[in-house]
Amino acid sequence: MADSVFEYAPAPERRDIVDIASSYGLFIDGKFVDGTDGKSFKTISPASEEVLAEITEAGEADVDAAVKAARRAYDRVWSQTSGGDRAKYLYRIARILAERSREFAVLESLDNGKPIRESRDVDVPLSSAWFFYYAGWADKLGYAGFGPNPQPLGVAAQVIPWNFPLMMLAWKIAPALAAGNTVVLKPAETTPLTALLFADVCQQAELPAGVVNIVTGAGATGQALVTHSDVDKVAFTGSTEVGRMIAKAVAGSRKKLTLELGGKAANVIFDDAPIDQAVEGIVNGIFFNQGHVCCAGSRLLVQESVYDEVLESLKRRMGTLRVGDPLDKNTDIGAINSAEQLARIKLLSEIGDSEGAERWSPPCELPEHGYWFPPTIFTGVSQAHRIAREEIFGPVLSVLTFRTPAEAIEKANNTPYGLSAGVWTDKGSRILWMADRLRAGVVWANTFNRFDPASPFGGYKESGYGREGGRHGLEAYLDV
Amino acid sequence: MTTTAPNLDDVTASATSLRRFLAGLPGVDQVGAEARAATLATRSIKTTAKQYALDLAIRMVDLTTLEGQDTPGKVRALSAKAMRPDPADPTCPAVAAVCVYPDLVAVAKDQVGSSGVKVASVATGFPSGRTSLDVKVADTADAVAAGADEVDMVIDRGAFLAGQYGQVYDEIVAVKAATKDAHLKVILETGELATYDNVRRASWLAMLAGADFIKTSTGKVQPAATMPVTLVMLEAVREFRNQTGRMIGVKPAGGIRTAKDAIRYLVMVNEVAGPDWLDPDWFRFGASSLLNDLLSQRTKMTTGRYSGPDYFTLD
Amino acid sequence: MTSEPRLDIRKTYKLYIGGAFPRSESGRTYEAVDASGRFLANVAMGSRKDARDSVVAARKAYAGWSTRTPYNRGQILYRVAEMLEGRREQFISDVQAAEGATKKRATAVVDDSIDRWVWYAGWADKIAQVTGSANAVSGPYFDFSIPEPTGVVAIVAPQDSSLLGLVSVVAPAIVTGNTAVVVSSFDRPIPAVTLSEVLATSDLPGGVVNLLTGDAYEIAPWLASHMDVNAIDLTGVDNVVHARALEEAAADNLKRVVRPEPVDWTADPGIDRMTAFLETKTVWHPIGT
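Chains as they are written, first to last, in the numbering used here: chain A, 3 to 482; chain B, 13 to 327; chain C, 43 to 331.
None of these hints come from the bench; they were simulated from the model. Check each hint, because a few of them may be wrong.
Here are the simulated DSS-like pairs of lysine-lysine, each with C-alpha atoms no more than 25 Å apart in a straight line [stated by the list, open to error]:
| id | chain 1 | residue 1 | chain 2 | residue 2 |
| --- | --- | --- | --- | --- |
| 1 | A | K331 | B | K58 |
| 2 | B | K312 | A | K331 |
| 3 | A | K257 | A | K70 |
Fair warning: this is a prediction, and the values are worked out from it, not measured in the lab.
In isolation and in its complexed conformation, chain A is listed as follows (with noise of 0.2 Å):
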């Protein structure tokens, strides 16, 4: 046939367009400071294990300082700050980050491990989004439907994960500071730099002292801020385990809480779903940030009379996917993004083998450091095998069937996670049929993985509880 073959040469970003500084401290009423117990840990790139940076790891006392900077900052400037004002300042942060962007998408792929066309593409346009998004609430508060003159909360306390650390620092910040509340907002300790870097935006932008501020560190720190006395709000997007941890630190307590948690959806293909759109959707749904997202499609459920060909179709797209560098603008499956997440994946994927389901990935070549899985799939699984019920967490997809809508809708609810789902079908009647039944907080039909800052996002069960994005969004931050 052909007689040579298009081999895509490098084509890498540059990283020399940011700056990172060897060591950070903690971004705590309006200026960086050291922290006060001496402890650090390092931030590394888990494509090649290069160290990044020494960042600090906030104790008790710093956790303290931050939330009594907040405090201040609520009490003598925040609060008095006009709707009008506060927007004007997210506008600005929106603005900045948009000029800044190929800054931030960089930092993001070499800290996180997530290929550059989608920091680039979407991580951070949507971050951007966002921001701009909630400044026009700002000073519109009484029309969002929850009465005339609603109030902030006073001082949130933000944990947020390491798989998508720009945007879901976003999408915490963005409609506190527009609902009027000051936050402490702690990122994930193996993704901590692109939210050191949103500091300095927030120095651009003028935000005044101790509106915004960042804690690093790990489990402890995060502890200590959730279990702060003087916080009126929690908001955390991680682990169901954590989250049920928080949920019980602040029972009894004043605090409000939002929970954005784990996932198993179920996406869904019937037998008239336009075929090769659906397998874009499976792949998006499980293989886009390599699997690393709570909504993800982690379990395909294909109608019977159509399995042969869409797993067919699917198999030979996979071989289509370029694992590699992340900074390499072709790369469609970056790093996973640690040693630990590298381990978990792996073992649950034996528990698959022992379990008696087939494992499949198309052959790739893995770079020799750094931490590296190739996209799976495991074909023969049914709902009493574990890595149908729990969460991988990686570019792991598990394969079931099922007959007809009903069976779909009781294997698709069958868990105790409610995130997302999918449905694929050529039909309007079924998609609203199917999304009515589907117990999960975000239905996409005939897309999947779509996010938008207008779009309220959340789950049910033990996904957790709360909105973000929308309207929907403000609740949380108000004291409604």
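Position chains B and C relative to chain A; hints supplied.
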């Protein structure tokens, strides 16, 4: 291989069975198809990959002139350029073919001789296709008699949109017979078919009827070739080979003006249909001004400087 | 340079139609004067043909503008605010001259105008969440209502409030996807022309706003009776008899009409000026396997 491949002889046995088959093909989600094309367009093709792609794209060009004002002189000039696109660089490959109206085929044939550049002719009342079947067949026969290696026919879009799939099919079969040994490209005129579902159906219809190539457009109607439309056609040829073992070529035509666009198409061919299609035997660009931009980009890669229009011929 | 005062280059004040700045096709101008009667400039006197051309431009721009994402429209309107801010000093002196205001008052007017524009920019992707709904019909149907822009809106801008009033009638019409033909204040046209220069440099597509200086008494009847105009805002029509005649003419193709009434432009505008130019579309779809 799939287990549900229909027996395709049964499918084409009657207009009704053909219609049912085409209606039963999976739909195309517009938003999803366009999103996939857009993602493929983000591929960054640099250095050696870009050199490979530029040379391949040049070899895939059907250099085209299809105007009322075409003369033998114009066609001779075009043919000369087709054989030697870059006067300053003999290493530059020749294009795949020249594409002209039937009455100028002989002139083109005379000019290209045995250089390896093919002569493609439009036929069947190009571009509108609004003539009788007899006229269409006669038009085809003229082109073939004059020495055309390839014939680019148009389907009857009116009949297609009116649901007369059997008629459209029969016309392609008749024209195919008249092409004898020449290759037949079937132009769907995707801009007039309007929906991706129609493009998928028309692609299958043409392939079942004996097309060697399916082609997007005449270039006389906007929109002409687009990436999502070509994506749908590439999926169709891939599926057709899966089910029948027979390989069909794809030619986007019209509106592809820059080397950057052309390279994006090649990425799409590579990742959607597969590397087997990365060959002038299976993929062509119907274009005229594209060639000079390919040459310009090629020159930049070899000299390291941006070039200008004065350095490439206008024919 | 010498110490004598420098001769300035004076601007020719033109119309803003389809993204370009033509003179009136009638070739006419009139004298714009400041509050004490001193000559400011010769300003284009828009004619019915200019109005006709503006409607054509607005209609042409409608398909593109109304189908942009709301986020995109919001961003463009915010960009207008950025450009307004950049010309803050120019607007302050325009308003001082046009309205006879002190520098302090003119500054407040300009700042309010910019802030007003920012307020409206933020509505682009939110109005649907506030005015739309999913409707609980009793039957197996998914039933939803969404707002859609009405089309081409003719606007007679306030006569006195030559900047704040002007932006307060223009921004709400276009943020939701309508396009507009605006007749500026007759006596105080200069801020409107500066505004049109801002619009032209803000990524706002040509034709989304068309701005005519001139006499609403002359132009408005042609817009009110125009069969390709979908709505008309009569805010700037001071004379009640005239307003009534315009509303009657508008009834021929059932235009949506906003009647003139006194407005405190500094107050919270509410959402009425957006909803006045929005249609509501209700869609039903069965729910079944």
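Right, here's what the structure says about each hint:
1. A:K331 x B:K58: Measuring from Cα to Cα gives roughly 11 Å; hence the hint holds.
2. B:K312 x A:K331: OK: K312 of chain B and K331 of chain A at ~22 Å, within 25 Å.
3. A:K257 x A:K70: Distance ~16 Å between K257 of chain A and K70 of chain A Cα, so the pair holds.
In this structure, none of the earlier numbered hints is contradicted; all agree with it.
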